[in-house]
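Following the hints, complete the assembly by docking chain B onto the known chain A.
Heads up: the protein sequence lines correspond to chains A and B, in order.
Sequential numbering of the first sequence, starting at 2, is according to this note's numbering.
Sequential numbering of the second sequence, starting at 1138, is according to this note's numbering.
Just so you know, nobody snuck in bad clues.
Each pair of labels, with its calculated beta carbon distance range:
no. : chain 1 : residue 1 : chain 2 : residue 2 : range
1   : A       : V260      : B       : F1227     : 14 to 22 Å
2   : A       : S266      : B       : E1292     : 46 to 54 Å
3   : A       : A38       : B       : D1203     : 26 to 34 Å
4   : B       : K1297     : A       : V260      : 55 to 63 Å
5   : B       : D1203     : A       : S220      : 48 to 56 Å
Covered stretches of chain A (chain B as the covering partner; in silico rule of three or more C-beta atoms under 8 Å from a C-beta of chain B):
no. : stretch
6   : 21-28
7   : 36-47
8   : 313-321
Worth flagging that the hints you see were computed from the coordinates, not collected in a lab.
Glycine included, C-beta positions come from ideal geometry on N, C-alpha and C.
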Amino acid sequence: MKEHDDPNRLGAVGAPGAEVWTSAVIGEAGRRPALPAADLAIITAAAHREWQKGLVRRTEPAKGRNGRVWLIAASLVVTVLAAWWWRRTAIVPGAEMVATVAVAGDLDAAYPVGSELSVGSRVVNRAPLALRLNGGESLRLAADSAIEMLSSSHVRLDQGAMYVDSGPSVRGEGLAIETNYGWIREIGTQFEVHLGEAGEALRVRVREGEVEIRTRDVSRSAVAGQEVAIRADGSVRQGEVELFGVPWAWAEAVAPGFVVDGGGSLADYLMWIERELGLGVEFADPELVGDVEGIILYGSSIETLAPRESLEVVLASSGLSYRVEGGILLIFSE
Amino acid sequence: MGGATNQAENELVQRMLAGDEQAFEDFAERYLPALYRFAGSRLGGDRELIREIVQTTMCRIVARLDTFRGDATLLTWMSSVCRNEIAMYFRRLSRRPREIEWTTAAEARLDAMDWNAMPEAEERLVRDEKANLVHMILDLLPVHYAQALEWKYVEGLAVKEIAARLKLGAKAAESLLTRARESFRTEYDRNMEPMRAAAESSAAGNRRAVSKS
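Isolated chain A, as found in the complex:
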């Protein structure tokens, strides 16, 4: 017999039955353990901030959800800014902090997560590393790379490989990467710069947007899906590169995790996955398109996971699964 059917607890307010039941239930449970007031205060304060952010969000105009808009914007901005291509950014010496270590791929990394880099810092990393620049760009270094932070928008790559994701928002001054062989300037782009591999002095692969590459003798542009390689003798090779898979695997492995900020939906997460894995997301069932907006992600636990790791966890907890077919990530119900 369930407790709420117990006749001892039925009856009008104040009736002996109600008293007996209440006494039994509360008496048996005992006194409530005290809760840590300090922790409750911290939680309340954090929740209050999120609540206020939610109020602001609900009054802001809806933002576009189509990630593909970035590519168009990036191309336009690159065209406009091309005129000042050769103007070097002045280096301002001093202790200005320009970047933070976001992901350290090795526990023995000389650059622990959270450490800051100032103008003039040199980074020589043995393990993969991801930096977050002050402008919001994600800058990932392959193992055995060497860079120098010349300013918040000017980095020199001396050795190894670098992957840049400047994100969907465009800032007035794009990131400039200087190498011994030339300059690469970007706006609103994902691309990789690699020095000294397979006999090629400089190789640039573009995943999204467009970049301009300039050396002493050569000026080239490359768009998404293209790569440009410059050999030591100055000759140029231009080819194609897949937007997903093996060419980008090292950069994906050291990607900062998805931050489940207040109100993050599965749709937000899948947009991030599209960007990080270079795959187009499609749904086996058209009805899932609406469903994913309503599936809310909870918890900071996926923030330390690389994109492919978190993909399994997130989809499984949402009752979904996936398979990759060519450049498409197909989502379906389990």
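The following block gives chain B in isolation, referenced to the frame of chain A:
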């Protein structure tokens, strides 16, 4: 009575969505302790972890208040969010093998366990879970209601002593106790069974997930 309380919860949510600061304070004061207790019963004594999980859960909840439909009680809804957060945490742990840091408290608990008394231990677990639910329901009540009920039914104080503590006359204290019992029963009826059913469903889901893997 149940309908009036559901309406009160819906009104509270609407006031929060409208930016009412007092509504937020009322919400935090009423529901956070119960949520904390819910998480605590599932996460052992790891205070830092409990704070992290509960904080994340509360932030999720206030960010998505507009999705609360009122089909379930607010506590049931919040507990399901918290349950999901806890599940994600443990799922992440299982996918990233790492050394488990044994705390002194965990070791002490392990050492104190009597492995020959497992049936009794299981009964104790069920009893503890029920006690935790009762505590959560007390958390939902106005502070002086919950205090009065504990003074009477846990500490065994007489109405006269409760009246003195609350600085009330004897009749006023008796009346308060009556109202407190009524509120407790209302919240018990609204929340106990849905919370138990949700816990059983979650446990069954976990068993399915384990057998699938």
